[in-house]
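Participant: Please model the entire structure based on the sequences and the hints provided.
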Amino acid sequence: MPIYSLNKDTSCRIVSIPNVSLLESLGIRKGIKVKLKNKQPLGGPVVVQMGTRNIAIGRDIANQIMVEVI
Amino acid sequence: MSKSSTDIETATASKRILLMGNPNVGKSVLFFKMTGVQVEISNYTGTTVGFTKSRIQLGDEEVDFIDVPGTYSLESTSEAEDVAVKFLESKPTAVVCVLDSTNLERNLRLALQIKEYNIPMLFVLNLMDVSKRQGINIDVKQLERELGARVIPAVAVKDQGVDDIRKELTKLIKDIGDEDNRIRPKGESLSNEELWNRAAEIAGRVQSFTRVEKNILERLGELTIQPWPGIPIAILVMVLSLALVVGIGKGIRALILLPFVNDVYAPLVTKLISTFIGPGILRNILVGEYGILIKMVEWPLALILPYVFLFYVVISFLEDSGYLPRIGVLMDAILSKLGVQGGSMIPILLGYGCAVPAVIGTRAATTLKERLLVTLMVCFAVPCVSQTGAFISLLGDYSVFMLVTIYLISLLTMVVVAKIADRVIKGQAEPMIIEIPNLLLPDRKAYFRKLKMRMQHFFVDAELPMLIGVLIAALVIETGILNQVSQWIEPLVVNWLGLPKEASLSLLLGIIRRELAVLPLLDMNLNGLQMFVGSIVALYYLPCLSVFAVLIEEFNLKTAISISIATIVSAFLVGGIVNQIGLLFI
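Here the protein sequences come in this chain order: A and B.
Per the numbering used here, residue 4 is the first one in the first sequence, and the count goes up by one each step.
Per the numbering used here, residue -4 is the first one in the second sequence, and the count goes up by one each step.
Incorrect hints may have been included.
Distance windows between CB atoms, simulated [what the hints assert, rightly or not]:
| no. | chain 1 | residue 1 | chain 2 | residue 2 | range |
| --- | --- | --- | --- | --- | --- |
| 1 | B | Phe580 | A | Ser8 | 49 to 59 Å |
| 2 | B | Ser186 | A | Ser8 | 29 to 39 Å |
| 3 | A | Leu45 | B | Thr554 | 16 to 26 Å |
| 4 | A | Thr13 | B | Ile572 | 45 to 55 Å |
With a Cα cut of at most 27 Å, we get these calculated DSSO-like pairs of lysine-lysine [stated by the list, open to error]:
| no. | chain 1 | residue 1 | chain 2 | residue 2 |
| --- | --- | --- | --- | --- |
| 5 | A | Lys40 | B | Lys332 |
| 6 | B | Lys162 | A | Lys42 |
| 7 | B | Lys209 | A | Lys40 |
| 8 | B | Lys166 | B | Lys10 |
| 9 | A | Lys38 | B | Lys414 |
| 10 | B | Lys127 | B | Lys86 |
| 11 | B | Lys127 | A | Lys36 |
| 12 | B | Lys86 | B | Lys209 |
| 13 | A | Lys36 | B | Lys209 |
Simulated from the structure, these hints should not be mistaken for lab results.
Ideal placement from N, C-alpha and C gives every residue a C-beta, glycine not left out.
Facilitator: Written as structure tokens, this is what we have:
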């Protein structure tokens, strides 16, 4: 399921990411564990925690990041 | 503002050392500590967009030290990455790679990618204070074995480790000697996945974690990215910032600076000049109605300086704290409806200081379309802090309601400009992906250095054009040229805009600096409607000579001219419409 559809504070493992090079450069890639911190209102970005880092990802991309809840 | 360049050719010299690493790991801080050359430093990614070069002495060797813009990888998908790759291929002598110790895995991936070029390397493990506090322990010796090079732990912003870096670098350069490194072939490239796996492997072997309580800043950092209470906090920060700049600025102006100029300085200078120079054109030019000796002090120092200073006090603090990207995240939903990402909030906010750094700051945008959109919004509708100071002088004492209305019109214009530009300019906006930096208490020394640098810029960039502007004003008035010009454009200024004939002086001087489109109106005894119309015209009017220059540099002459024409036309159009409507009610 897309990471955008998760509830906040859910941990998940990334199954696939869209072909956006910046995502992978930042370390968002297949197989890693992340936590959905929150969703900004009005269709804003999601904030994803990876290790000690927070990364904001726009909704359109977050909808293409497939994850499995763990 | 920074004297960085994007022309790699200028960087060729005998021995060159590249300073590389991920964005926002403290490269520019280290560069400053090593060279004493000041570059713009902020706590968010993409502050260094060109590169800066400086010569440094290492032992008996003089080498070029180059601050390469930060990149996450070398995939060549952005301008910064292209620059980084070109530098690596330009056969440098050595690379100093800065690693963020709080985010080792990702930083190691870039390090491994750079290592493939087989250039001698030195690693700096920076932000050791932050990682220690977060409970991350790193085995430096083990990391050195894994990377096959020296690793120096450092806290660059606090000078820790900088001497060691210099020492190790000197040794490295000496060891390389005059061996010709230009024939070193690039090694085999690992695939993306292999790079990540290798980076994860190394990170796993050298890191261990202790559980630590989050401190207040870290908890605040978390709270400020939650919609609740993040959004109320953001509003509070904005209101406080505004109150500080406008409120205290007005206080300093009204209680200290203006009385000083009007009651002490002006009478003194006038008396002094009058004793030496008889009545006539020369005396008028010096101390008359627009006397340069009076206005060159009154305008920039008494009316503008307090706001400029306070604006930079606030914005520099917000920049160094890492708070600005958080506002970008919170604003993304709204801004993306205008076709720009939340991250573009940063150049827009900078634009309230000066459009020059704002236009340069748009380089961080992911598409050319977004760069243009933000640039247009800033050029059309965001008044710089100098102009804000002038608006407050003109309108603030007359009607606060009018002052607020000008800023509402400015916001509305940004929306309209973005909407139109979004339609006209081809291309698609990309959704935002940004890393949110740690919230930090700015380092005091670095903060004051930045503030000092910005104020110096203001004095250099503002005082000279201001002087020229005041001189032109005095000359055209006293020689009667203004009268001539005013007659030509009388239909436009008097009939259409409803302003007095002399207001053409504003239009003339406004080309030089934005606040000069407002300040001459102060002495013209305008009525309310005229002040309002004059302010509208000034708001839209040309974004000043320095901005024109930066538009040419960042885009091209055609863009600069198009923006200038469009702003002038809209200034007269909107100003005139407001006047005509206003007249119906008077």
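Participant: Hints first: check each against the structure and report whether it holds.
Facilitator: Right, here's what the structure says about each hint:
no.	hint	in the structure
1	Phe580(B) with Ser8(A): 49 to 59 Å	53 Å, holds
2	Ser186(B) with Ser8(A): 29 to 39 Å	31 Å, holds
3	Leu45(A) with Thr554(B): 16 to 26 Å	32 Å, violated
4	Thr13(A) with Ile572(B): 45 to 55 Å	53 Å, holds
5	Lys40(A) with Lys332(B)	23 Å, holds
6	Lys162(B) with Lys42(A)	48 Å, violated
7	Lys209(B) with Lys40(A)	16 Å, holds
8	Lys166(B) with Lys10(B)	14 Å, holds
9	Lys38(A) with Lys414(B)	35 Å, violated
10	Lys127(B) with Lys86(B)	36 Å, violated
11	Lys127(B) with Lys36(A)	23 Å, holds
12	Lys86(B) with Lys209(B)	44 Å, violated
13	Lys36(A) with Lys209(B)	21 Å, holds
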